[in-house]
Each structure stands twice: as structure tokens, then as C-alpha cells.
Amino acid sequence: MNQISNLYQKNEKFILGSNNEWLTNLRNKILEKIDDLGPPSKKNEIWKYSNLSHINDTRYEPSNEILKENETLNEENEIDYINGKYHITEKNKKNLNINFKDLGESLIDLKNFFYNENETQLNDFVIDINTIFLSDGLYISTKENKENYLIINYKNNLDYITNYLRNIIKINKNSKLTLVENFNYEKSENNDLNIYNNFILEKDSELEHIIIQNLNLTSRLLYSSHAICETNSKFNQLSCQLGSISAKNRHLSNLIGINSQANHNGIYFGKNKQYIDNKTKVTHKSENCQSNQIYKGILNEESCGVYLSNTLVESQAQKTNGYQLSRGLLLSDKSKLYNKPQLKIYADDVKCSHGSTIGALDNNQLYYLQSRGLSEKDSQKLLIKAFCKDVLKNINDKESLKKIELQIDKWLNKKNDKQYS
Amino acid sequence: MLEIKDLTVSVEDKIILNNFSLKINQGEVHAIMGPNGSGKSTLSNVLCGKDNYKIKKGEIIFKEKNIFELSIDERAKLGLFLAFQYPVELPGVSITPFLKTAINSKLKSLGKKEIDSLEFAKKVREASEYLGISKEMLKRSVNEGFSGGEKKRYEVLQMTLLNPDLTILDETDSGLDIDALKTVSKGVNRLKRKDNSIVVITHYQRLLDYIIPDFVHILVAGKIVRSGDKNLALELEKKGYENII
Ligand SMILES: Nc1ncnc2c1ncn2[C@@H]1O[C@H](COP(=O)(O)OP(=O)(O)OP(=O)(O)O)[C@@H](O)[C@H]1O
Ligand SMILES: [Mg+2]
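Top to bottom, those sequences are chains A and B.
With this note's numbering, letter number 17 in the first sequence gets 17, and the count goes up by one each step, no holes.
Position in the second sequence (from 1) plus 421 gives the number in this note's numbering.
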């Protein structure tokens, strides 16, 4: 029996939904599969660039804090996860446009999301682990025809705990949601987070999803998201990665309805020995759809970045418009970036392209700025910010942009963080 | 203002400037003319502190300071300004905030407080109108997609706002149409004071009808081979380099 089965059996009673027979059966099936396949290894193409010392070090240390305190001062459109447990306040409950339900209590209705037969779910170790150890989550849905704003803050105040979370978020017909997720473990150390978010964008709906990840350098993150986009819907995502000693982000979307759109934007910053592993994939399953996958990385010191992008155009998805761009800025000789764009096209009337560049700051540009009286450091900062600009311009939410710019400034001015041990 | 003594500079073991000497006093305008590859831009870049040159010998004193002890930005803040022959494009660096940062870093080094936003806006508006730079252009990124002439106007706009003590105009006339040549020259002339100096690098005598030099130097193979007044440029125009040295 492997370490994961052991951990699971020891802790089964704490795990969300353990009294559901179908879920227990599913978990056992996944455990068997993991046993058969063995741990992820570099021999397998999908793990080739991953930080396996992180992926293969599964921990389960839930927080002992049982009570859900209602003490947060959040407004009706802001909720917290603290130590791996969500906190919904009376104010949140009064929000008429966004409905919050406990994931455990909604399991029967959400069975499909666990069983998703398609390639992504049953084949992914990180999501499998999430399914096995799931500790808390929410089922969030927006009211039809309304425009909404939701902030989710992930915070911890206990050291050495692990959080396995899942949110299922449904953007109902003709409604619009701006969802901002803030990951910020300021008051704790050595935390592991595995989070999986599912989005369903119904007809004519819109989701702008902004992730601001600024975990400390003693924490590790596994983040997966999966969006299903119906007719005329638009999914616009920005993943801004600043923290965590090892982060693996995987964002997939399926364009299942005609005229739907998915944009995966990302900027990631590395320093120290940070490992930032990103993957995006868009599957075009319908006609007239658009997708953009645009990631930019700024890597300093001994940090390592990975970006794998993928566009899959199925045979029925005519008139697809797909674009992929990866750009990397290496600020030190020891930083590294692995880039790999992929394109699989089974339809014939398709416009797809991709580009990628990796390089250092341009000396002539630095010289120009310095010759105007800017110090070397300030010139570098200005060029780094300029580098991020055409990713950030794809985001509409001004509040988040301000926050992100502030965080970037902080990143540019700060050094020497405590690292994972 | 500036004194260059016996300066020898090489790039990749090739000597570019060879025992070059030049003295420029406050209030003077000097023109430097010379064939392609004679070292004019190299001289400008060595003055500004670009680092891929090897200084083999010589010294440069700018405003009583040994320039080699100063970094690129310190030289700029001390009052040196180079209008580049080929201004580099800076995608994503917006013009206006960049100008403001540049002005403020100079003010800061002088121990003065930052420029007031209204005053700054007014200055930019006035100077760009004078130089024929449109409002739309000011919303773009520095030099990105600018035409040759637009880049040169923008260099002079920066000169106007930074108000340097010593300006080097490296072929600022190339790329400018006939009308623009006049406006930009006027733009430069109105910045002329008794206590600042200008070096004009050009291939064409025509520019010197507008920006009238006190001295004209002819640079060949990294050395000044002849100096004279503005008439030397006229003579050069008639005879060409071969017959003038
Ligand atoms: N980085 C470099 N590497 C190699 N050679 C260089 C470098 N920079 C300058 N040179 C050489 O030095 C010489 C002088 O160049 P410079 O640009 O100073 O000439 P210039 O007088 O400004 O010419 P032009 O009138 O064409 O602008 C040229 O032969 C040029 O090729
Ligand atoms: Mg030149």
C-alpha cells in the first residue's frame, strides 16, 4: 500500500463527503489507479518539467480548528477561507445575487463534477489528490441577468497545515461575475494548498477570474481550474503568481458552445529558488470560438519557470481563432525557463498561431533610460513593468490591476524571504 | 564646460577614437562633421558612459568632474544630454510618466522637490506644440513605431524638458523633412543660453544654417584633422573630405 492510501485511511473520517458511498467508491478507485501507475515520474512527458520533489510529497495535516468563526468584517461580496475552512457571514448570506452553498451538502447535485469522464479528470494526479483529501469547498452560483463582484481570500494562521479545497462556480445565463482570489499566507508557515476550481459559464455569461497569488516562500501550491464555456460566453482569466516556493498551476477550458471565448493570461515572478510551473490548455469543441493563452515570466536569482500552452481544435470546431504567446525575462544567469507551445488541429478552417521568446533585459534600452537620468535599478524596474503591460491590459477590473501593480512594485523592491524547509 | 584630452578608445581591439582632444566652453556651439564610421557616435556614447567601449588613454572633464568616475545616470543628472542618432524603442514605457520620472530624478539629485503635476503638463504641452508633436503621439510608448522624424522630434522634446548644460545632437537632422528641420532647429536655438553648450553632429551643412556653430571640426579616423569657423562647413560641402584634409 502506498503512502497516499495510508494517509487516506488514517484520516478518512475528517475528509469531506466520506459518508457518501459513491464518493468513497470513487476515492478507492483513484487510490487503486495511483497504486497501479506509481508516483509521477520524469519518464512521463506530462511531468517532465515539474518539480517532482513537491508533487510526490503529499502531506495531510488538516487544521484542528473546528469552529467556523463569523468574526470577519467582510462585505457581502467578500468571503474568506481560513486554515482551509470557508467562512460565510450573515452579510454574505444576504447577498441576493450570489448564492453560497456548502459543497459537502450539495454533493449529490454535483456528482458529475467528480466523475467528469473526459480526459482531464481521471488522469490528473494533482486533481486526484484533491478528490481524495478534499476538506472543504463551496458551491457558488450567480443569479441570472446580474452583474457581480466576488472576492475570495485564502488565509492561514496555523503552521504546517494542508488545505484541500474545491469550489464549483456557476455563472448563470446572461450574468457576469468578476472573481478575485487572493492567496496570502502572512501569518503562517509551511502550508500546503491544493485547490481545484470548476467554472460553468452558461449561455451569454461572462467571468473575469483574477488570481493574485502571494503566498510566502515556505508554502507550496497546487492550483487547478477547469472552465466549461457555453454559447456566447466569455472567460477571461489572469493568473498573477508572485509567491510560493513551488507552485503548479494548471488552467483548462473547454469551449463547448459556439461564439464562446477563453483567455488565459498569466504573469509570474520568480526569485530565490522558486519553482513556478504553469500550464494552460484550451479545447475548441465548437464553431466560431476564440482563445488566447498569453503568459509572461520574470525570473531572477535561481528561480525556475515552466510554461506549457496547448490549443486543441476538434474537427467540428471550424472558424477557430487561437493564439498562444510565451515570453520570459531572465534577470540572472542562474534562472531558467522551459517553454513549450502545443497545437493540435483537426479542423481545416482555423486561424492559430503561437510565439515564444526568452531573453534578458535589453542593454540598449537600459542605456537609453539611464542616459535620461534614471538609475540602473529604476531603469530595470521600468522595463520589467513595461514587459508586463500587455498582459495586464487584458484585464478590465481596475481594482485588481491596482492591487497587482502594488504587489509587483513590492516584488521589485524586496529581497531575502524565508524559504520552505 | 567640457574638456577631452588625448582620448583613445577601442572596440574589440579596433581603435575608434585616436588621441582625440576637444575643449568646449560655456555658451559655445561646436559642429562635428566626418565620414561614416569616423567615430562621431562613439564619441557621444563614450561621453554618456555606454559600457562596451574600452578607454585606453586620456581623460574627460565635464563641469570640473572626471567623467569616468560617474555612472551613466549621474552624468545625465549633472547636465549631459545626448539626442541619439538611433533612438531605441521602448514598448510598454509610456511617454509622459517616463518624462516625469526623468525630470524628477534630475530635480532630486539637485536637492529640489518634485515637479508639480500641473506645471509638468503645461511644460509638456507647450514644448510639444512648439516641436509639432501631437497629443496622440504623447499617449504612446517611447519611440515605439515612431517614424524617423518623429523620433528626432521626441529627442528634442526631452532635451527641452531636461534643459541640459551640454547637449550632443547626433545627426538629429537626419530623418527630418525640410519644414521639420526648421522647427526642430528653432526648438534647439531657443534653449540656447549663455551658460550652456551644444555639440551638433551632422553630415549636412544645411543644418548649420539654422543652428549656427562657433566652431566646426572635421573628424577622420577618430581624430580631428581640421577645425575652423562656420565657413569650414561650406568649404567641405564644395570640396568633399578627400580634398579638404
Ligand atoms: N560595438 C561595436 N562593435 C564593433 N564595432 C563598432 C562598435 N561600435 C562602433 N564600432 C565601429 O566603430 C566605428 C565608428 O563608429 P561610429 O558609430 O562612431 O561612426 P560615426 O562616425 O557615428 O558614423 P555615421 O556617420 O555612419 O553615424 C565604425 O567602424 C563602427 O563599425
Ligand atoms: Mg553616428
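Simulated from the structure, these hints should not be mistaken for lab results.
Certain hints may be false.
Listing some non-contacts, in silico: residues in chain B with all C-beta distances to chain A over 12 angstroms [claimed, not checked]: (1) 427; (2) 458; (3) 473; (4) 498; (5) 499; (6) 503; (7) 529; (8) 558; (9) 608; (10) 611; (11) 616; (12) 633; (13) 641; (14) 649; (15) 655; (16) 666.
Chain B stretches covered by chain A per the calculated footprint, using a threshold of three residues with CB under 8 angstroms from any CB of chain A [unchecked claim]: (17) 506-514; (18) 538-545.
From the three backbone atoms N, C-alpha and C, an ideal C-beta is built for every residue, glycine too.
Tested hints:
1. 427: At about 25 angstroms from chain A, residue 427 of chain B clears the 12 angstroms cut-off, so the statement holds.
2. 458: holds, 19 angstroms
3. 473: Per Cβ check, residue 473 of chain B is inside 12 angstroms of chain A; nearest 8 angstroms; violated.
4. 498: violated, 5 angstroms
5. 499: violated, 9 angstroms
6. 503: At about 6 angstroms from chain A, residue 503 of chain B fails to clear the 12 angstroms cut-off, so the statement is violated.
7. 529: violated, 9 angstroms
8. 558: Non-interface label stands for residue 558 of chain B: nearest chain A Cβ at 18 angstroms, farther than 12 angstroms.
9. 608: holds, 18 angstroms
10. 611: Consistent with the label, residue 611 of chain B stays out of reach of chain A, its closest Cβ about 21 angstroms off (over 12 angstroms).
11. 616: Since the minimum Cβ distance to chain A is about 20 angstroms, residue 616 of chain B lies beyond 12 angstroms and the statement holds.
12. 633: holds, 26 angstroms
13. 641: holds, 27 angstroms
14. 649: holds, 30 angstroms
15. 655: The claim holds: residue 655 of chain B sits with its nearest Cβ about 33 angstroms from chain A, beyond 12 angstroms.
16. 666: holds, 32 angstroms
17. 506-514: holds (count 6)
18. 538-545: violated (count 0)
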